[in-house]
Structures are given as structure tokens and as C-alpha cells.
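**Student:** Sequence:
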Amino acid sequence: MSAVVNDDAIPARPTASGSRTLRRAFGDLNAGLRNRELWLHLGWQDIKQRYRRSVLGPLWITVATGVTAVAMGLLYGELFGMDIKVFLPYVTLGFIFWNFIQASILDGSVVFSTNEGLIKQIPAPVSVHVYRVVWRQLIIFAHNIVIYAIVFAIFPQPLNWTALLVFPAIVLFVLNGLWVTIVFGILSTRFRDIGQLLTTAVQLVFFMTPIIWTTTSLHNTTGQTSSRLKLVELNPMFHYIEIARGPLLGEPVEFYHWAIVLGCTAVGWLMAILVMRNYRARVSYWV
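Heads up: the sequence shown runs through residues 1 to 287, numbered per the working numbering.
Treat each hint with caution, since some may be false.
DEER-style ranges, computed between Cβ atoms [to be verified]:
id	residue 1	residue 2	range
1	Met271	Leu229	25 to 33 Å
2	Ala31	Val146	30 to 38 Å
3	Glu78	Val171	14 to 22 Å
4	Trp60	Phe26	34 to 42 Å
5	Leu138	Pro236	27 to 35 Å
Keep in mind that the hints were calculated from the coordinates and are not lab data.
Remember, it's a predicted structure, so these values are computed and weren't measured experimentally.
We put the beta carbon where it would ideally sit given N, CA and C, even for glycine.
Go ahead and model the full structure; you've got the sequences and the hints to work with.
**Tutor:** As C-alpha cells, this is what we get:
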């Protein structure tokens, strides 16, 4: 006598989780972008809170960067025997764009751990906090670019139509700031030591990047120009600074600088999508 099997008694196979899919990763980025009112407000509030009850308010951003750039420009210009009319705008722009890169890396690495309350209380996409960080850096950049306008008025540069290339350079800075915040932000939330390593690494890379020194001064002070310059060009930050600083100094920017930055951007976004797909849903548990 055959037994009757009740299909209802057999538990159904659990369906695979849809949280670790590319569709959900892109959906989070899209949903975060649509919530622009939230991250625009949060980013501006970050600036206001940082300089709360100060007399100058956010203008301290401009003052601090300006004093540092002028002091370093005068000091290293004297050490290297550089023409201050050329070297001071060079250093000023280097500091302005480096500050954007540095803050994107360091602030991005702690974006989730420092916003634990918001992440757990507000049901918003993870990418909202990513856009918030980059928007904040753009506000700071807008304050700092005033310094270059003042320096340019005192020491005019031979600008031409190639100065417009600074706009696609800024777009690339924003795109890189986004993937850097995603990758380092999520990984640093899981492994807190990464943030400390990044702080040390960024300080080291600063001195390896032509910001307070030039490749021309390297050529003048060493007899091994070709090998030293090749070593400098292994630093990706050199190419990022070049595509943004060169146009505003009236200098031609060779295509290979753009190609390297575009390549780094593509690789970085590939890593960001993979990190978003695999670990986006775990951020709220890690903070």
C-alpha cells in the first residue's frame, strides 16, 4: 500500500537573497541620487556645524588653506630658487586640489562609522552618505578656489581656451571621490584599521606628489632626471593633480595624464560596484 505524500508538508527551498545583486547595488546608487534634498542638506549642515559660533564661519576654510598655501609657496620657492610669480599659483592650486583628494579619502573612510545614528534611524540608501561626503568636498572646494582667484589677480597666468579642461577634470575628481568613499567607507567600517593605514598613506603620498615641489626642480637638483621622473609618474596622484592644475596655469596637459586618470576611474568604479553588491546590506550591522 503506497503512502500518500502531502506536498504541503515538504518545506519549500529557500530562495536566494536578492541583496547581493548588481541590480540592488545600482538601485541603491540611483535611489541615493534621487534623495538629493537629504544629502544636499546634510552636507551643508556638516559645514555649518564645523564652524558653529565662529566669527568667520565657513570662511575659515579659505583662510586656513590660503595661509598654508602662501607660507609653503614662499618657503619652498626660496629653497628651490623658484620665481614666486610662477611657483605660488602652482603651489596654491596643488593644495586646493590635493585637499579635495585627501578629504575624499579620509572623510570617506569614516563616513559610515561616524553616522551610525543616522544609518540606524533613517531608512535611507547607503549611497546617500556617499553623496553627502562628496557634496561637502565640493562646498569646501568652492571656498578654496577663491584663493586661486586672488593669487591669479596678483600674479596673472597665461590662460587660454585649454583652461576649460578644468571642468572635465573636476567631474573626474567627483567620480573618483564617489568610488573612493564607497570602497574605503564600507571596508573601513568592517576593518577599522584601514582608516589608520589610510591616514599614514595619504601623508606619505603628499610628499611624493609634486605639490610643494616641481618636476622642474627635480630636474635641476639631480643628475638622474629620467629615472626620478619615472618614479614620480608611478604615483597616480601626480596625474590627478596635473589634469586639474595644468589648465589653470596655462600649461598643456599631455594626453597620457588623462588616460591614466580615466583608467583609474574605471577600475575604481568596478571595485565600488563589487563592494556595493557584496557588502552594502551589511553596513548597518557593522557600524
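**Student:** Determine for every hint whether it applies to the structure shown.
**Tutor:** Checked hints:
1. Distance hint check for Met271 and Leu229: the Cβ-Cβ separation is about 29 Å, which falls inside the suggested range of 25 to 33 Å.
2. In this structure, Ala31 and Val146 meet the distance hint of 30 to 38 Å, their C-beta atoms being roughly 34 Å apart.
3. Our hint of 14 to 22 Å for Glu78 and Val171 is violated, since their Cβ atoms are close to 36 Å apart.
4. In this structure the supplied range 34 to 42 Å holds for Trp60 paired with Phe26, their Cβ-Cβ distance being about 38 Å.
5. Distance hint for Leu138 and Pro236: a CB-CB separation of about 21 Å, inconsistent with the stated range 27 to 35 Å.
Of the hints listed earlier, those the structure fails to meet are numbers 3 and 5, in rising order.
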